[in-house]
Amino acid sequence: MEDDLIQTFLEEGRENVQVIEEGLLELEKTPQEENLINTVFRAMHTLKGGAGLVGLTVISELAHRLENVLETIRQSGTGIPEEAFSILFSGTDLLSRMLESGDLEGSDYREQIAEHIQALTIFSEREALTCPKVNAKVMPFRDSPIGYYKVILKFRPDIFETGTDPLMLLLELEENGEVLESFLNMSGLPDLSALNVHALHIYWTIFLRSKKSREEIEDIFIFVIEDNEISVEDITAEKEYLYDPDKRTGELLIERGLITAQDVEEVLKKQKRTGELLIAEGKVTGGQVDKVIRSQKRFREQEQLETIRVDTHKLENILNNIAELLIAQSRVKELVLRLTGGNRALEAEVFNAFQDSDKIIRLLQEEVMNASMIPIGGTFVRFQRMARDLAREKGKQIELVINGRDTELDKKVIEQIADPLKHLIRNSVDHGLEMPEERTAQGKLPAGTIHLNAFHQEGNIVIEISDDGRGIDEEAVLAKAKERGLVKDDRALTPAEIQRFLFMPGFSTARKVSDISGRGVGLDVVMTNVQNLRGSVELFSEKGKGTRFTIKLPLTLAIIDGMMVRVGEERFIIPLTAITEFIKAKPGDLHMTEGRGIILHLRKELIPYAGLYQLLKLEPDYSQPTDGILVILKDGQKKMALLVDEIIGQEQVVIKSMKEHMEQVDGVAGATILGDGKVAIILDISTLFRLSRERDRGDSLITHTP
Amino acid sequence: MGRLIFVVDDSKTVRASLEYTLGKGGYDVVSAENGNDGLKRLEQLAGQGKRPEMIITDINMPVMDGIAFIKEVKKKADLKFIPILILTTESQEQKKMEGKSAGAAGWLVKPFKPEQLIGVVKKFVK
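From first to last, the protein sequence lines stand for chains Y and S. Numbering of the first sequence is given in my numbering, commencing with residue 1 and proceeding in unit increments. Numbering of the second sequence is given in my numbering, commencing with residue 1001 and proceeding in unit increments.
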């Protein structure tokens, strides 16, 4: 049978060569004749295709080169140039001789063929003909064969018209691995009366375990991946999260945020089947169930439809007004309490009533804030392209795995965090990840993975960027730090202390270090940006294994949990996150040091001391550290003891930016309006630390003895 | 009797090869030489009460090319849901896109191995 096939090819091939030869002869007379060029091209094309099919690679290759020349001539529209004829004739002649003699491998013509291909190449180059690129697909090498994937299949509604049956693709997916869990989303399914049977209204989210690579899984959908919303996400790295023998997979997936709220809805929709079961058991009638489902659906439809765009300024105005409302309410409370004239029972009642309305206002505030939050997914997705382009530029292979797209945070925070994140990803691709060969030599996959993850944790948003690259070379960093005189004594530093050098301004810009350590350009900029958002950056790195940056951010910029303190007549808000404790110091706890001002000894720790009145030049009640209260502040790893007159209490305050009203004031992050209508200043902790250091340097000789 | 697949290609070698491979895979094959011929054959088949479950067509053909052929098939109510696979070469990216917009469901790059052909066909016909 195979021989028959070759026989068929030979017959047809000879016919085609004849067509080509005759066509070329005609073309010598009329080189512009388009139809003739097309005929010759088609014959060459058929010859090439046939040879390829029956496995005659030499003929196929030669025909392919000749076809390329013809294709370019065809595209140019200027006819066949004279010098092209000789090469086309001699090439066709070679093909003809091979077909006639039956020497299909071209063993007798090896030299001529090689020469000819070379001539064709030279010709192509001279004519600036670019050979169409062969789609050489590089399959990433996988040594650990089991992968876990999240596959989302959202086909176009008119998919059936293309002749594609999604069922076939689902079956093929099933053949390529084990389906762990699958969710069917039917939210787009219209009522029966409006149902178009030729349209697809449902979509799938499938969790698959497979020995195939992500690319291979994607290839199943090769024909539909461009025009439909198909995504295959490798979630192998999270598999520990996914499997807990004591828990149902689905629960875990939701718990870990690996499936979206939409998916959760789908899970709930599975409950519809409960209805079917009940009917089967005769407990309820189909009508009853339908009715319930209909009302559920109507509810869901409403939920989908009632989305409107709102100008963020409007939301800000609402928030501002709520803040004003809180202030006004406090005033009313004070006045009413004055009127109760010492009637305890009445006072308690009034107090309770105010507490209730207070609660409602806070709730309102929270809801408005929620409304101004958007998912971070959009920002993440933009990085995907950037990372890919950057990796290609550097000759590296990377995979950016994104989780927690649906995590919501304040629009302003998202806008301002994009740059630092970009910086860190760039850093990972640039310095963190090794070249493919280097990785393979270390037994890693040639393609490096960068994980981008966002989630909520204790009222904060955490964004993690981790890579499986070379990690930070602590020795190199330490050596550089010593060289710069940043490490005075020879005491052993912890890895965290060493890594902190990277965040110091000016440190990391030293090109040499960033090359050795594979880390570091401009990390101080990242730190500053994040701190401006009242967030923090932590770094965890293991040499050879990778690096992880953890950015912690407040949910919103508009509200802050703070502690109100007083110095003289002024009240200040200190962000709660910056406070570790309050102490009342005894005289023996404080010591004068040369060049470093006053130091507080607290449980073997040495903490620099400063009075808030000194830093902000105020008139305090107490100027001695032992008279007032010391607030122990932390900023990253640094600590500081700050003297204030009094602690008033914990407050949740709405931040009002002062930038519009006055010039940037050192140590001040913003202001808030208190219940009595007075303004309290919100302190900017990192600037306080800086002010304190500057003061110690400048005023250390005129210190106040305790 | 196996599932019916309809092949349109002007190359005898390609037709023979498809008939051979698909036949071995348990499919029945009817073939035509170009788009025009293809439409006629499809009408004949309809007259016998037969409808192919899949169409595989070349693009570059004399008389009526693959793109025009696909467009014609998609106009016919009884044929429009049949998946159409186009045969193409890597130098025909443009044609591939044209074929897709005309309504092809997929493509196969020539030359292909028998198992590749069967693998792709199985995406549409079990």
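Do not take every clue at face value.
[Claimed, not checked] Coverage of chain S stretches by chain Y, computed from C-beta distances (three or more under 8 Å per stretch; other residues unrestricted):
1) 1006-1017
2) 1030-1040
3) 1044-1050
[To be verified] To give a feel for the contact side, a few chain Y residues facing chain S, derived at Cβ under 7 Å:
4) L5
5) G52
6) Y148
7) G163
8) M168
Simulated from the structure, these hints should not be mistaken for laboratory data. Just so we're clear, the structure is a prediction, and the values are computed from it rather than from any experiment. The beta carbon of each residue, even a glycine, is placed where N, CA and C say it ideally should be.
Any of the earlier hints contradicted here, and which numbers?
-> Violated hints (numbers, rising): 2, 3 and 6; every other hint is consistent with the structure.
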